[in-house]
Amino acid sequence: MTGLDSFLVRALLAGVGVAIAAAPLGCFVVWRRMAYFGDATAQAAILGVALALAFSTSIFLGVLVVSLLMAIAVFGLTGRGYTMDTLLGVLSHCALAFGLVAASFLSGVRIDLMAYLFGDILAVGKNDLVVIWGGVGLVLLLMWWRWSALLTSTLNPDLAYAAGMDPRREQLILTVALAVVVAVAVKVIGALLIVALLIIPAATARPFSKTPEQMVLIATVIGGLSAAGGLQVAYRFDTPTGPTIVCLAAVFFAVSTVGSLIRGRAMN
Amino acid sequence: MSLVEIGNLGIRLGGNTVLNDVDMHVGSGEIITIVGPNGSGKTTLLRAIIGAIKPSMGWVKKSAGLRIGYVPQRLHIDETLPITVRRFLSLPRSVSDSVAQDALATAGVEDLGMQQMTGLSGGQFQRVLLARALLGRPQLLLLDEATQGLDQPGSAAFYRQIETVRQHIGCAVLMVSHELHVVMAASDRVICLNGHICCHGAPGQVATAPEYRALFGTGTQGALALYQHEHTHSHDHETTA
Numbered sequence: 158m159t160g161l162d163s164f165l166v167r168a169l170l171a172g173v174g175v176a177i178a179a180a181p182l183g184c185f186v187v188w189r190r191m192a193y194f195g196d197a198t199a200q201a202a203i204l205g206v207a208l209a210l211a212f213s214t215s216i217f218l219g220v221l222v223v224s225l226l227m228a229i230a231v232f233g234l235t236g237r238g239y240t241m242d243t244l245l246g247v248l249s250h251c252a253l254a255f256g257l258v259a260a261s262f263l264s265g266v267r268i269d270l271m272a273y274l275f276g277d278i279l280a281v282g283k284n285d286l287v288v289i290w291g292g293v294g295l296v297l298l299l300m301w302w303r304w305s306a307l308l309t310s311t312l313n314p315d316l317a318y319a320a321g322m323d324p325r326r327e328q329l330i331l332t333v334a335l336a337v338v339v340a341v342a343v344k345v346i347g348a349l350l351i352v353a354l355l356i357i358p359a360a361t362a363r364p365f366s367k368t369p370e371q372m373v374l375i376a377t378v379i380g381g382l383s384a385a386g387g388l389q390v391a392y393r394f395d396t397p398t399g400p401t402i403v404c405l406a407a408v409f410f411a412v413s414t415v416g417s418l419i420r421g422r423a424m425n
Numbered sequence: 021m022s023l024v025e026i027g028n029l030g031i032r033l034g035g036n037t038v039l040n041d042v043d044m045h046v047g048s049g050e051i052i053t054i055v056g057p058n059g060s061g062k063t064t065l066l067r068a069i070i071g072a073i074k075p076s077m078g079w080v081k082k083s084a085g086l087r088i089g090y091v092p093q094r095l096h097i098d099e100t101l102p103i104t105v106r107r108f109l110s111l112p113r114s115v116s117d118s119v120a121q122d123a124l125a126t127a128g129v130e131d132l133g134m135q136q137m138t139g140l141s142g143g144q145f146q147r148v149l150l151a152r153a154l155l156g157r158p159q160l161l162l163l164d165e166a167t168q169g170l171d172q173p174g175s176a177a178f179y180r181q182i183e184t185v186r187q188h189i190g191c192a193v194l195m196v197s198h199e200l201h202v203v204m205a206a207s208d209r210v211i212c213l214n215g216h217i218c219c220h221g222a223p224g225q226v227a228t229a230p231e232y233r234a235l236f237g238t239g240t241q242g243a244l245a246l247y248q249h250e251h252t253h254s255h256d257h258e259t260t261a
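As given, the protein sequences belong to chains A and B, one line each in that order. Heads up, the first sequence is in my numbering, so the first residue is 158 and it goes up one at a time. Heads up, the second sequence is in my numbering, so the first residue is 21 and it goes up one at a time.
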């Protein structure tokens, strides 16, 4: 296991792991127009980091709990007088603001907020890897187990009801999976850019996919390539890793969009 | 025995009473049509039957393990979701190619398997929805304005298909429609709904019921002329038109 002693190998495994879990979830975020929802969950992560440091528990646990609470609060409050849009706007920025204020009280601990806002993939240790891949495994298992029901509920909730499913439950499962991805990704890519890693690979895959499964597969490849490539580029040019990974994903997106535009024109 | 029993059903949505004191049942193999003006709670009633809306009062009882095929009024598939007709048919339960092909043929759209759902015309889309609803060998088929967006010959053909399908698999059909003349002729029973059940019975009885006339007025006289029970119609109304 000498490979794992290299911080670059650990970073690579962490980045690719998060990208793999983010791909199927990112597709659902795109299909269900949940981007803002993802933002709210991710921004709650900063509050989670502050609370975890204050209570000296693991960052992963703190982020997971706060993100879950945020996700469930949004889930429970939707359709009760506020539009989703307003609700998320209120909750996500409140969570971020409270998180930043709470962090400022932690004078005893030297906390580098940048590391949690933008990720610090090069500092991933062996224990982090266990937690990350545990989370990745859990999310993939959930996706695989609920795939058909999730997809049916996403197409149309009434079709799911008619088939004896409960689309509200499926939405809750997605919500939980999203909180888990946020919790494992906060160290790798940072709270502010998690949603980018969810959405950009999925959006890049869209023009080349004929079925939902193809889209997830292509998004996985693009996410994995972005993570691995971004890491190399960041190491070589000494740029911040999280943003570099997202930049590379953005390049893939641009190429895909231009490519599909040209192809569309050629067909007309 | 009944597939669905509804008793004293009341539904409030956003502070408005949409349905009130609805009692009805669906027996196996019968074709029931629900007619009623816009906003009369027809779609709400179907959604209560599939379990998408919880009753505020009363109950909806379904026979154990009831298989429902549901064709919604409109189904919007997001442009970002790529899905072929063939893949759509395998939701939620995967079906073999030959079964999928048969269902498409029954619905009259055998060549569409590899097309994207978002690229279909309105009529093709409805037929694919029908094909999918038939795959689970439903005991009850629920159609909510299933012919919306079809032209007249198209919707007539669609209802003939429904009739064939019923003979084929023996399912009950509960449908909502505006096209009274087409659907009423094929129905065993008609339920006239306007927040509550105004009147119900055989198509002939309903067409002559004063409650029905009050709702649909003279505007349906032309349509009803096509309908087999027209001779039972009192013609007093025409003079008022």
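One or more hints might be untrue.
[What the hints assert, rightly or not] Facing chain A, a subset of chain B residues (Cβ under 7 Å, in silico): (1) I70; (2) G71; (3) A72; (4) S76; (5) R94; (6) L101; (7) I103; (8) L111; (9) P112; (10) V115; (11) D117; (12) G215; (13) C219.
Keep in mind the hints are simulated off the structure, nothing from the lab. Note that the structure is a prediction, hence the values are computed from the model and not measured. Backbone N, C-alpha and C define an ideal beta-carbon position, used for all residues, glycine too.
### Task
Of all the hints given earlier, name the ones this structure violates by number, lowest first.
4, 5, 10, 11, 12, 13
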